[in-house]
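**Student:** Each chain, letter by letter, is given below.
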Amino acid sequence: MDEALLRGLIPGVLGVLGRRGADFATAEDAVQEALIEAIRTWPADPPRDPKGWLVTVAWRRFLDLTRADAARRRRENLVEEEPAPGPVPDVDDTLQLYFRCAHPSLAPSSAVALTLRAVGGLTTRQIAQAYLVPEATMAQRISRAKRTVSGVRFDQPGEVATVLRVLYLVFNEGYSGNVDLAAEAIRLTRQLATVIDHPEVVGLLALMLLHHARRASRIAPDGSLVPLAEQDRGRWDTTTIAEGVQLLQGALARDRLGEFQAQAAIAALHADALTAEETDWVQIVEWYEELVRLTDSPVVRLNRAVAVGEADGPRAGLAALAALDESLPRYRAVAAYLHERDGNLVTAARLYAEAAHQALNLAERDHLTRQAARLNTHRSR
Amino acid sequence: MAKYLLLKHYRGAPDPVNNVPMTQWTPEEISAHMQYMSDFADRLVATGEFVDGQALAPEGTFVRYDGEGRPPVTDGPFAETKDLIAGWMVIDVDSYERAIELAGELSAAPGAGGKPIHEWLEVRPFLTVPPNATQ
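Protein chains in written order, with my numbering: chain A, 1 to 381; chain B, 382 to 516.
Calculated directly from the structure, the hints in this document are not laboratory data. Glycine residues also receive a C-beta, built at the ideal position from the N, C-alpha and C atoms. Hints may be right or wrong, so weigh each one.
What the hints assert, rightly or not - Straight-line distance between alpha carbons at most 25 Å, and here's what the computed SDA-like set of lysine to any residue pairs gives:
| hint | chain 1 | residue 1 | chain 2 | residue 2 |
| --- | --- | --- | --- | --- |
| 1 | B | Lys496 | A | Val195 |
| 2 | B | Lys384 | B | Ile411 |
| 3 | B | Lys384 | A | Thr162 |
| 4 | B | Lys384 | A | Ala107 |
| 5 | B | Lys384 | A | Asn172 |
| 6 | B | Lys384 | A | Ser105 |
| 7 | B | Lys384 | A | Lys51 |
| 8 | B | Lys384 | A | Asp180 |
| 9 | B | Lys496 | A | Val299 |
| 10 | A | Lys51 | A | Gln126 |
| 11 | B | Lys384 | A | Leu362 |
| 12 | B | Lys384 | A | Ser143 |
| 13 | B | Lys384 | A | Val299 |
| 14 | B | Lys496 | A | Ala107 |
| 15 | B | Lys384 | B | Thr509 |
| 16 | B | Lys384 | A | Leu225 |
| 17 | A | Lys51 | A | Thr123 |
| 18 | A | Lys51 | A | Ala25 |
| 19 | B | Lys384 | B | Val454 |
| 20 | B | Lys384 | A | Ser327 |
| 21 | B | Lys384 | A | Thr369 |
Said to hold, decoys possible - Part of the chain B face toward chain A, derived, beta carbon under 10 Å:
| hint | residue |
| --- | --- |
| 22 | Lys384 |
| 23 | Leu386 |
| 24 | Leu387 |
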């Protein structure tokens, strides 16, 4: 059975239940149980109309779940209003679901978990495994999130930007265990792009595809990080790159620039270069300037300093860096790189070592430690 | 979210304010202490922030490679102030501030006289294994 296909039906089913007046939290539980039932019975007995099957089973579960005395009157009304059996209307409520799961009242981690379950159709266990926390913890995180948004009206559109931020968070988690969160984020963003007409949605999808296309070459077989300039470009996925570039061009043509489109443009310029030396750093600096204008983020300014170092030489890069706060994450790594290129090997080695000390993940720390070691052993011989 | 280790030192940390060895507490005080720890963990499960917690035995052994077939074992390099870890809790929280807040709460576990022991806890962030997809 194609579990991804099954998961793709979830938001539609939740939407139908929502339109029939089901409250979000109970409907979501009911759909999860229908999903588990489908995984159990479909391989032996595949339904002719999978979505209709899911709606029927989830609706029955919903009625079971709302059997409490307090809810009886409401349930009777709902049974009264139940539409006659027949084809399920194909109105897509997926968008409301995205907005609800990414509601600003939720902490980012809760929004991510809720999105993966309600829109993505992942089970609580799968989400818990992906985030390396116990299932009971994740179940509570999700049920708290559901309670938080249960009073929020289903029909109020939220901010697209919030939804996109949540999807980008999922993508950035990468992957662990048997759930590939990057691929899941791409699937969800693709789905979102079919229900909403917004250039930034396309921009984010393009950005994800362009990063994802380089994934195989980013990590060496021994698990160490391979910097962009040293990656084997033959292993980049050109089909995915082509799709990302095409999507991006479509989005840019609409002349409503946003930060995801600008980031995708930078990723596309990297993907375009056949060798690292052919990278169009001048244009990349221009896109970073757009990004600074759009986001005013210090991290973007740091990245811009790297690009300036490549376009105009390490002295120019160091000058751009001097204007920034030293406490920024990766500030020392950037400074080390620029100093090395400028020939200050002693300073560079010291900065690489300090940067390794501040790294947030193992692969990055090991990479920076190796850089420091490379310069130190080079000098002592 | 980021994971943090809350490390409970058995000895070696600065003395807590309510510094009475556990062996001199009443059994009720010990039960109250244990109950506090277990309630704390339950509360973190409910907020979706609990990852793991374990207590460790107070004795440890130092081992190192010292040539083929000769792994020497010592009682430890800290002759007088042996620094042993009593146990740990791993949490998964939205911010560093939240990690500090929870460590403070855990340090308020009751000791002798039912008063908070104010013990020192070490808070250390985990290094995540995979780097971000965008790097």
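**Student:** Enumerate the violated hints, using their earlier numbering and listing them in ascending order.
**Tutor:** Of the numbered hints, 1, 2, 7, 9, 14, 19, 23 and 24 do not hold.
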